[in-house]
Amino acid sequence: MAAMLFVMVGGAVLPMLGSDIEGGSLSMGALEDGGPGGAVPAQMTVSVEEGIEGGAEMEVVEMKHSPEKKRRVRIYSQKFRKEWLHLKEFQGWLTEGITDDRAHCTVCDKELLAGKSELLKHSRGKKHRTRAAKSNPNPPPVQHGLSRVIDEDGMPHLLRIVDLRSDTVTQPSREMKKAMMEATLGDDVFSEDPTVKTLEDRVAQMLEKEAALFVPSGTMANLICVMTHCWGRGSEVIVGDQSHLYLWAQGGMAQIGSVHHRTIKNLPDGTFSLNEVRGLVRDEHDPQSPLTSLICVENPHHNAGGKAIPLNWMDELGALCSELGLPLHCDGARLINASVALGTSPARIVQACDSVSLCLNKGLGAPMGSLVIGTKEFIAKAKRLRKVLGGGLHQSGIVAAAGLWALDHVAPRLSWDHTHARALAQSVCEEHSSAVTVDLKDVHTNVVLLHCDNIRVNAKKLCQRLASVTDEESDELSEQIVVMALAISDTTVRLVTHCDIRKEDVRSATRKLKYVIHEYDNMMYLEYKISV
Amino acid sequence: MYREDVLCRSILGNIPGRQTRQYQSPSHTPTTMTDFKGVVVDLRSDTITKPSDGMKKAMMEALVGDDVYREDPTVSELEKRMAECTGKEAALFVPSGTMGNLISVLGHCEHRGSEVLLGDLAHIFLYEQAGMAQLGGIQPHIIPTNPDGTFDVDEIPVRLRYEDVHYPRTCLVCLENTQNVCGGKVVPLHWIDKVGEVAESVGLPVHMDGARVMNASVASGVSLERILRVCQTASICFSKGLGTPVGSVIVGPEKFMYKAIRLRKVLGGGMRQAGMLAAAAIYSLDHMVHRLAQDHHHAQLIAKAINEEKSRNVTCHPDDVDTNIIIVNLNPETVTPDQFCERLLMVSEDEINETGDGGVLVKVMPWTTTTVRFVTHLDASLDHIQAVITKLKYVIRELDSIH
Numbered sequence: 001m002a003a004m005l006f007v008m009v010g011g012a013v014l015p016m017l018g019s020d021i022e023g024g025s026l027s028m029g030a031l032e033d034g035g036p037g038g039a040v041p042a043q044m045t046v047s048v049e050e051g052i053e054g055g056a057e058m059e060v061v062e063m064k065h066s067p068e069k070k071r072r073v074r075i076y077s078q079k080f081r082k083e084w085l086h087l088k089e090f091q092g093w094l095t096e097g098i099t100d101d102r103a104h105c106t107v108c109d110k111e112l113l114a115g116k117s118e119l120l121k122h123s124r125g126k127k128h129r130t131r132a133a134k135s136n137p138n139p140p141p142v143q144h145g146l147s148r149v150i151d152e153d154g155m156p157h158l159l160r161i162v163d164l165r166s167d168t169v170t171q172p173s174r175e176m177k178k179a180m181m182e183a184t185l186g187d188d189v190f191s192e193d194p195t196v197k198t199l200e201d202r203v204a205q206m207l208e209k210e211a212a213l214f215v216p217s218g219t220m221a222n223l224i225c226v227m228t229h230c231w232g233r234g235s236e237v238i239v240g241d242q243s244h245l246y247l248w249a250q251g252g253m254a255q256i257g258s259v260h261h262r263t264i265k266n267l268p269d270g271t272f273s274l275n276e277v278r279g280l281v282r283d284e285h286d287p288q289s290p291l292t293s294l295i296c297v298e299n300p301h302h303n304a305g306g307k308a309i310p311l312n313w314m315d316e317l318g319a320l321c322s323e324l325g326l327p328l329h330c331d332g333a334r335l336i337n338a339s340v341a342l343g344t345s346p347a348r349i350v351q352a353c354d355s356v357s358l359c360l361n362k363g364l365g366a367p368m369g370s371l372v373i374g375t376k377e378f379i380a381k382a383k384r385l386r387k388v389l390g391g392g393l394h395q396s397g398i399v400a401a402a403g404l405w406a407l408d409h410v411a412p413r414l415s416w417d418h419t420h421a422r423a424l425a426q427s428v429c430e431e432h433s434s435a436v437t438v439d440l441k442d443v444h445t446n447v448v449l450l451h452c453d454n455i456r457v458n459a460k461k462l463c464q465r466l467a468s469v470t471d472e473e474s475d476e477l478s479e480q481i482v483v484m485a486l487a488i489s490d491t492t493v494r495l496v497t498h499c500d501i502r503k504e505d506v507r508s509a510t511r512k513l514k515y516v517i518h519e520y521d522n523m524m525y526l527e528y529k530i531s532v
Numbered sequence: 001m002y003r004e005d006v007l008c009r010s011i012l013g014n015i016p017g018r019q020t021r022q023y024q025s026p027s028h029t030p031t032t033m034t035d036f037k038g039v040v041v042d043l044r045s046d047t048i049t050k051p052s053d054g055m056k057k058a059m060m061e062a063l064v065g066d067d068v069y070r071e072d073p074t075v076s077e078l079e080k081r082m083a084e085c086t087g088k089e090a091a092l093f094v095p096s097g098t099m100g101n102l103i104s105v106l107g108h109c110e111h112r113g114s115e116v117l118l119g120d121l122a123h124i125f126l127y128e129q130a131g132m133a134q135l136g137g138i139q140p141h142i143i144p145t146n147p148d149g150t151f152d153v154d155e156i157p158v159r160l161r162y163e164d165v166h167y168p169r170t171c172l173v174c175l176e177n178t179q180n181v182c183g184g185k186v187v188p189l190h191w192i193d194k195v196g197e198v199a200e201s202v203g204l205p206v207h208m209d210g211a212r213v214m215n216a217s218v219a220s221g222v223s224l225e226r227i228l229r230v231c232q233t234a235s236i237c238f239s240k241g242l243g244t245p246v247g248s249v250i251v252g253p254e255k256f257m258y259k260a261i262r263l264r265k266v267l268g269g270g271m272r273q274a275g276m277l278a279a280a281a282i283y284s285l286d287h288m289v290h291r292l293a294q295d296h297h298h299a300q301l302i303a304k305a306i307n308e309e310k311s312r313n314v315t316c317h318p319d320d321v322d323t324n325i326i327i328v329n330l331n332p333e334t335v336t337p338d339q340f341c342e343r344l345l346m347v348s349e350d351e352i353n354e355t356g357d358g359g360v361l362v363k364v365m366p367w368t369t370t371t372v373r374f375v376t377h378l379d380a381s382l383d384h385i386q387a388v389i390t391k392l393k394y395v396i397r398e399l400d401s402i403h
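Just so you know, the sequences run in chain order A and B.
Per full-length UniProt numbering, the very first residue in the first sequence carries number 1; after that it's consecutive.
Per full-length UniProt numbering, the very first residue in the second sequence carries number 1; after that it's consecutive.
Mixed in with the good hints, there may be bad ones.
Each computed BS3-like pair below joins lysine-lysine, with the alpha-carbon atoms no more than 30 Å apart [claimed, not checked]:
no., chain 1, residue 1, chain 2, residue 2
1, B, 259, A, 387
2, A, 387, B, 363
3, A, 376, A, 387
4, A, 381, B, 255
5, B, 265, B, 255
6, B, 57, A, 461
7, B, 363, B, 393
8, B, 80, A, 82
9, B, 57, B, 80
10, A, 460, A, 514
11, A, 461, A, 441
12, B, 363, A, 127
13, A, 178, B, 80
14, B, 255, B, 50
15, A, 387, B, 255
16, A, 383, B, 37
Honestly, the hints are just simulated from the structure, not real lab data.
All chains should be modelled from the sequences, with the hints used to inform the complete structure.
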C-alpha cells in the first residue's frame, strides 16, 4: 500500500520521501536530519495519511520538538472510516460526526468516539436498541411461523406468528419458484408467451368455457368482466349488496367503467331473491332508465363467511338470466374452494355463467395473478380492456408458471384448509362463550367469521388482543403465540386458513383463541363502554 | 414461391384500405422449414428480452410479502432505490408502463373537465388506447412534435386554457424521453428545463413518460435525477431495455403516491407477492443499466451499414439514431413497410449460398406508411447484429437491382 507522508512546515505542505514508516508510527529520523525545507522549526505538526490494513487509517501525531530536549509525545486518535457505513451492525444509524474523529448516532442523536469497538458497544446497548426498534422505518416483514422479535424494551422474544389475515399472504414454495424459473417465456403483448397460453387453455378447459385471459389481479379480472359485458354507454349491473365487487373494488365499475349498479339484498347464505331480481331489471324503452346489462354473483360468497352457493340456486339463477336475456358473471375468486366444499367440479358450478373470474393468488398460493374466462369473442374484447387498464405484461409466463404449478400441487390439498378452518371454529365453539361466537354450520370453506358481543369485546380489540402476548399467557401456554386476523366490521373478526398453515400453527392458534376467549369470559368488570 | 411457412403473420395482419403495391421480386426457390439452420433475430422491440440466469436467481431468493398490505420488503427496497436515484420523494411499483402513465395522468387530473397538453406523437396519445379519455374522462390536447422529439415550448402558454365555461381546464404537461415514434430520440436537457420553467410559470405540473429514460441517461451521460429535475412525476420501465419480465415504476412526491396507490388498486394493479418481480428490477438496476450503451452501439452499426449502401430505396442516417431505436425509411414507390418486413423474413437458396451460414431471418415492425422500426436489446448480441447487417445488405442490394 502506498504511504503518503506530508510534512506541514509552517503551513506549507511538503512531501517527505524516504521516511521510515512502520506500523503507523513515524520515526523522525529523517526529520531530525533536516528536511527539504532546511532547518527544522521548533514546533511542527505532522500528519501521516496512509492506508494500513485493518488498523486505524488516519492518525494525528502532534509533536512538540524543542532543540534542547528530544522529547517525542505521540497521541493517536482514530478517525472515522467510511467503510463502516457498509457494515451491517452500523446500518441505519451511523453517520459521520461533527469532527473527523467523531461519529454520530442518528437514532440516539448522540456524538460518539469514532472507534469501531466503541461503536459496536454502543449498538449493543439497551437504550440504543430500544430506540432503533421504535424508529425503524422499514420493519422486517411479518414472518409467518417462528420469529425473533424485539419488543419495546429491546428484549428479544421467540414468537410463533400465525397469519390468518388472508389467504393472499402465502409465500411461494421452493418448488413453485423452481417451476417459475424453468418456464419458457415470450412476449405476451405479442401473444407469444407459451406458458401463459398453456395456463389460459388449461383453465378454460377446466371450467369448460372457450377461452381465458391472464391478468395481474382479481380486481382487474372483475373490472374487465363488468366493462366487457357493459360495452355500451349507460349500462347497469345487478350486484349483491354484500359482494366484493360492490364493496371492495373502490367503486371501480363506476369510477373507471362508467357503469351504474343496482344492489340486491344478499341473504345470509350468499344468495339473493330471484323474484327481486325481476323487479330490478330496467325497462329498455324508458329513457329515464339505464340499461340492465349484467347480473353478478359471487361464489363462494366471501362476506357471508366464504359460503359455497347452493348448486341448484346457481342453476335457477342461470335459467332466470337466460329468460331475461341477460349475461351472468361469476366472481369466482375462490371458486376452487367452493368446488371442494360442494364436492363437485368447478365447471359444473359455473355452467350457467357467461363469464367467470378466478384467482390464483389466494388459496392456490401463487404470488400474483387471476384469470378471466368466457367465450372467444368475450376474451377478445377483454384483452383490449386489459391493455388499456395497464395489465398487458410482457414475460408474464414467469408468474403464469406459478399458477400452473399451483393448479397441480396446491389445488388438490385445498380440503386441508377447510379442515383447519373447521378446527379453529370448533375450538371457539367448545368454549361456549357468549363474548365470541361462531356458527360451525357457517364454515364451508377456509373462512371463519368470529362474532363479538360488542359488550366485553369488539372486533378491533379482539384482533389487538390476539396479536399481543401477556406474561401470564406465555407462562400458562408455555409458548408465545400471535394470531393475526382482520376485523371486517365492528363486531366481526375474520380468520382465513391457507396453504402456509400447518398442524402446529392450527394447534397454537386454537390454544391462543381458547385462552383469549376464556379471558373475556372471566372478566369481572366491563372494560368497554356500552353505547346505548 | 416464397417461404410462406416462415412468414410472421402476427405482426403484419390485414389493414383494411391499404393498397399493396406491385412488389417485383426475383423468384426464390423455396426451402423447407426443417432445413432452416440459420439465425432468427427478433428486433421488433426491446420488450421481448428474457430474464438472465442471474436475474432469475435474484427473483428466486427475494424476500416477499403481501404488497397490497404494503408488506413486501423487496418492493419497498426497489421503490426506495428508485426514489433516491431519481431525486424524488417516493416511488410505486406497477405492472406496466401503460398503467404507470395512466395512474400519473389520472392522479394529476383529478377533477372533471380536465385537459392534458402533450405531443401529437406521444405514446400516451397514440398507443395507450386513449386510456385517459376512455377511463378518466380527460381530454388530450396535442402539440405538433418536431423530428427531434421536442415540441415548441411557446405552444404551452398559447394552448393553455384560461377560465371560461366553454373550456376544459389544463392540468398537466406530458413529455416523453426517449421519444419512441421519432426514433428513440433523446430530447435535449435544456428543452426539458425550458418546458419545466414555462409549465411552472403557468402553474402546471410536468409528467415524463420515461419508458426508456434509462437509455436517454446512458446515451447523454446525464443522471436520471438531473433529467427529471423539473418533472413532478415520471414513469420508468424495467421491462424494456433493462430486460426484466414485467414491471415499471412511477416516481414523484410522497403525497402523489397516496393517490397513486389508490388508483393502482382500482385499476387492478395491486399485486400480492410482487417482490419477485421487484427483485428482477433491482437486479437490472445493478447490472443492466451500463450495458445499454452496447445496444446503442449496435443500433449505430446497423444504421451505418444501411447508410453505406447508399440505396435509393432504403435509407437511414446514423445521426438520427440516438439510442437503441432505428427508423429505416423506405421509398414508397418501390416497397411498402409490410413487404420489406416480409422480405426480411424470407430466405432463398441463392441468398444462403452467397451469405453462408444457413441464412438469416430478421423480425422487425412496420412503423408508419413509409418506415420500419428496428430496436436493439440485450438478447441481440454482436453476432446477431452482424447477421442482421449481412441480411440487410443483401436485401437492399436485391431491391436496388430491381428498381
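ask   = Failing hints, ascending?
value = Going through the list in order, the structure violates hints 4, 6, 12, 14 and 16 and respects the others.
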